[in-house]
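Whenever a hint applies, use it, and build me the whole structure from the sequences.
So the sequence lines, in the order shown, correspond to chains A and B.
Just so you know, we're using my numbering here: the first sequence kicks off at 1 and counts up by one.
Just so you know, we're using my numbering here: the second sequence kicks off at 1001 and counts up by one.
Honestly, the hints are just simulated from the structure, not real lab data.
Note that the structure is a prediction, hence the values are computed from the model and not measured.
Incorrect hints may appear among the rest.
[Claimed, not checked] Heads up, simulated DSS-like pairs for lysine-lysine below, C-alpha to C-alpha not over 30 Å straight-line:
(1) K1142/B to K1217/B
(2) K1115/B to K89/A
(3) K58/A to K1238/B
(4) K1142/B to K5/A
(5) K1115/B to K87/A
(6) K1238/B to K89/A
[Claimed, not checked] Derived list of chain A stretches under chain B, where covered just means 3 residues or more per stretch with a C-beta under 8 Å from a C-beta of chain B:
(7) 6-14
(8) 80-93
Ideal placement from N, C-alpha and C gives every residue a C-beta, glycine not left out.
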Amino acid sequence: MAIAKKAVVWGLFAGGGTLTAFIYPALIALFLLIATGNVPAGLQYEQIHTFAASWVGKAVLFIVLFLSLWHAAHRLRVVAHDFGIRKDKLIANAVYLVATLGTLMTAFYLISIS
Amino acid sequence: MEIRQIELEVMRYDPEKDKQPWFQQYTVPCQEDWAILDALNYVKDNLDTTLAYRWSCHMMVCGSCGMMVNGEPSLTCKTFVRDLPGKVRVEPLENFPIERDLVVVLDDVMQKLHKVQPYIIRKDDPPPEGVEYTQSRGALAKFKQLTMCINCMCCYSACPQYGLDNNFIGPAALALAHRYNLDSRDQGKSQRLDILADHDGVWDCSFVGACSEVCPKHVDPAAAIQQMKIDGALEFWKQKLGFPGGES
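Printed below as a string of structure tokens:
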């Protein structure tokens, strides 16, 4: 017997869960603020763009989006299991495929910001 | 002392006679301080000697009298009649095959308790005669809560994952394993994790937390399992990247 590969996806799930629990409430609050026209100083489009164009900014955004995607994917898999859907392999492949695609797209779009 | 009549609705099943389980009603005159186990004992002593159920200590120590009381996995010696409505339904623990009436077959869990190696594993030679492995109070406090488990199996009955797929090692056995993983005298954590973090181990838990909610001894198997997931994930990378896996 050995440690199952589930350890890998669970690691990403746990990392993503910890991160999203802290970051997403703030992001939602900021989104609502900005959507209602109250853009906080320092979060103007130009400043965010400069941040996203820097390599540090790209790395931060990549980590946040990558972990969130894998967190959500694993969460959906577990929810399906809890609902009694007995197609774990199929669901796991589908959700992790979406997360993989999302990760690749995140990398692609982040790199293309200049 | 005031006597209160309750309607006890008890699941009966004799595999040699019955095609399926059925319910039998008993009217039981209960004293104020009676637990459901007292009511069952009254039935056995005065109304129906054929009723089969397990019990031993009547003081929350032996873990024999776990049953479903009004749908909740409970220790019947700790579940008081005064806290319940006039009609009480008693069934055998859910998620287990029924042996007879309220007695369930626990073989599966007994195997699992054995499988997780719930004993101190040392990599060094046994100590010379008379030498003990000492432990500080702080080190004991880390796992003491987990030693309170009495194997009543209420947690298995509450666990939806065990109900869906009984290959899952399950709460009590995993909590017991974690108790040894956390023990400062133990050196078997990485060896144990190969079993605990295998396919049917900790990963099947989706952290519903029902095990910890129903535990009559306030053990927290749900937390133990999540902690073991972290250990398992770290151990996986340790083994993959070739770090020494030795635990102290």
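Taking the hints in turn, this is what the structure says about them:
For the hint linking K1142/B to K1217/B, the alpha-carbon distance of about 17 Å falls within 30 Å, and the restraint holds. Only pairs whose Cα atoms come within 30 Å are accepted, and K1115/B paired with K89/A is accepted, the gap being roughly 26 Å. Pair hint K58/A plus K1238/B holds up; C-alpha atoms about 29 Å apart against a cutoff of 30 Å. Only pairs whose Cα atoms come within 30 Å are accepted, and K1142/B paired with K5/A is accepted, the gap being roughly 29 Å.
At roughly 28 Å between alpha-carbon atoms, K1115/B and K87/A fall within 30 Å of each other, so this suggested pair holds. With a C-alpha separation of about 26 Å, the suggested pair K1238/B and K89/A falls inside the 30 Å cut-off, and the hint holds. Given as covered by chain B, the segment 6-14 of chain A passes the check, having 6 residues with a CB less than 8 Å from a CB of that chain where 3 are the minimum. Judged by the Cβ-Cβ criterion of 8 Å, the segment 80-93 of chain A is covered by chain B as claimed, because 3 of its residues qualify and three suffice.
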